[in-house]
Amino acid sequence: MSDNLASAENGGQALIATSWDQAHPPEHAIDGDDATFWVTTGMFPQELVVTLPASSAVARVMLRSVGIRRISIHACPTEQPGAYDTVLPETEIADGAGSRQSEVFTVKMEAVRHVKLVIHAGWDHFVAVNDIRLDGRKLD
Amino acid sequence: MVSALKLRSKVVVLGDSGVGKSAVTQMFHSNGQKFPKNYLMTIGVDFCMKPVPVQVADESRATVELFVFDTAGQDLFAEMAPHYWEGSASLILVYDITRAESFHNLAEWLERISRVVPVESMVSGCVVANKADLRERAEISREAGEAFAQRYGFAFFEASALEHSGIDAPFAHVAAATHARYTDSLAKLTAAVS
Ligand SMILES: Nc1nc2c(ncn2[C@@H]2O[C@H](COP(=O)(O)OP(=O)(O)OP(=O)(O)O)[C@@H](O)[C@H]2O)c(=O)[nH]1
Ligand SMILES: [Mg+2]
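Protein chains in written order, with this note's numbering: chain A, 1 to 140; chain B, 1 to 194.
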């Protein structure tokens, strides 16, 4: 049985981000609603950290976004965010001509507390992260 | 209370050596306090950040933090410069009104940066005719400068770093254009998912 561990319902939190517009806060990336989004407010790289309520194993990252060009994903096992391991090296994703991007990344995170998305470049100056799902299970 | 929106933008300053790119940038950054009287060639790049408030229609406030990269005009640094231009959203081209050559070279500067960042993808561009205090020695008319700017859809400004006149206008223009582009992008990002 696997769950979307990023969702607020399951205790996921998005508290650390490099951009903050009160109309499009980081929480919008994990609220399970595709119509809401976290927006970057200028320059790259941009970062967003999703914090899980407990140590978990994550097998897939599902991302819905608009305008992202290059992304990498990193995982941190400790309760206090510290050193991150790269689980997805910098990867280019297709433009979609300004429409929605929908990506699934198979990753290996065995015991993770924080998942960091780094957006290295955009197809436009400002990009949106509509939804992040972390598919996995809590460790006992 | 409505908290202020903070945007960020990278701006590059380009043009021949000695036209006053560093003087313009430093006078902007220091609010007119630091005019570099003696020429000190920029080695590679000088960098500064300054928040610029922008006028917003409603009662909310917005600030654009301009990350200004004042790059070297000396040929010596021609290979390094493109590295510093990467990721720039706006450009400010500077020429010296008393040196026609510095004006004629603007097209070459544009071509060089286009190889790194497509100019049509940029948020804004400005042409700054500097050293307006030396008007009696001008080799390039205001009209010629304006015509060049217009050809590329850039805004034109006359300035004197020495007299601290016309210095803030190009940066205010970049900040306003950045905010306008953000508003536009938000509308598109919203439309993409509805
Ligand atoms: N009269 C006058 N002199 C100026 C003005 N702006 C700059 N200068 C002088 O022009 C010289 C060159 O200025 P810089 O700002 O260092 O030139 P730059 O374009 O940064 O040159 P590089 O770093 O080599 O690319 C300095 O001696 C400045 O004092 C101005 O508005 N009026
Ligand atoms: Mg200089």
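Hints are computed from structural coordinates only; laboratory data are not their basis.
Here the structure is a predicted model, which means the values were calculated and not measured.
The beta-carbon is built from N, C-alpha and C at its ideal position, and this holds for glycine as well.
Honestly, I wouldn't trust all of these hints.
Keeping only pairs whose Cα atoms sit at most 27 Å apart, straight-line, the calculated DSSO-like set for lysine-lysine is [unchecked claim]:
#1 Lys6(B) - Lys37(B)
#2 Lys37(B) - Lys116(A)
#3 Lys50(B) - Lys37(B)
#4 Lys138(A) - Lys116(A)
#5 Lys108(A) - Lys6(B)
#6 Lys188(B) - Lys34(B)
Okay, the calculated bits of chain A under chain B, using three or more residues with CB under 8 Å as the criterion [unchecked claim]:
#7 37-47
#8 93-106
#9 118-127
Results of checking the hints against the structure:
Of the supplied pair hints, the one linking lysine 6(B) and lysine 37(B) is violated, its CA atoms being roughly 34 Å apart against a limit of 27 Å. The suggested pairing of lysine 37(B) with lysine 116(A) is violated, with an alpha-carbon distance near 47 Å, which exceeds 27 Å. For the proposed pair lysine 50(B) and lysine 37(B), the alpha carbon gap of about 22 Å is at most 27 Å, so the pair holds. Pair hint lysine 138(A) plus lysine 116(A) holds up; C-alpha atoms about 18 Å apart against a cutoff of 27 Å.
Proximity of lysine 108(A) to lysine 6(B) is assessed by CA-CA distance (about 36 Å); at most 27 Å being required, the pair is judged violated. Between lysine 188(B) and lysine 34(B) the CA atoms are separated by roughly 41 Å; this puts the pair beyond 27 Å, and the hint is violated. Check on the region 37-47 of chain A: 6 of its residues sit with their Cβ under 8 Å from a Cβ of chain B, so the three-residue criterion for coverage holds. By the rule of at least three residues with a Cβ nearer than 8 Å to a Cβ of chain B, the coverage given for the region 93-106 of chain A holds, with 3 such residues.
Here the region 118-127 of chain A counts 5 residues with a CB under 8 Å from a CB of chain B, which clears the bar of 3, and the coverage holds.
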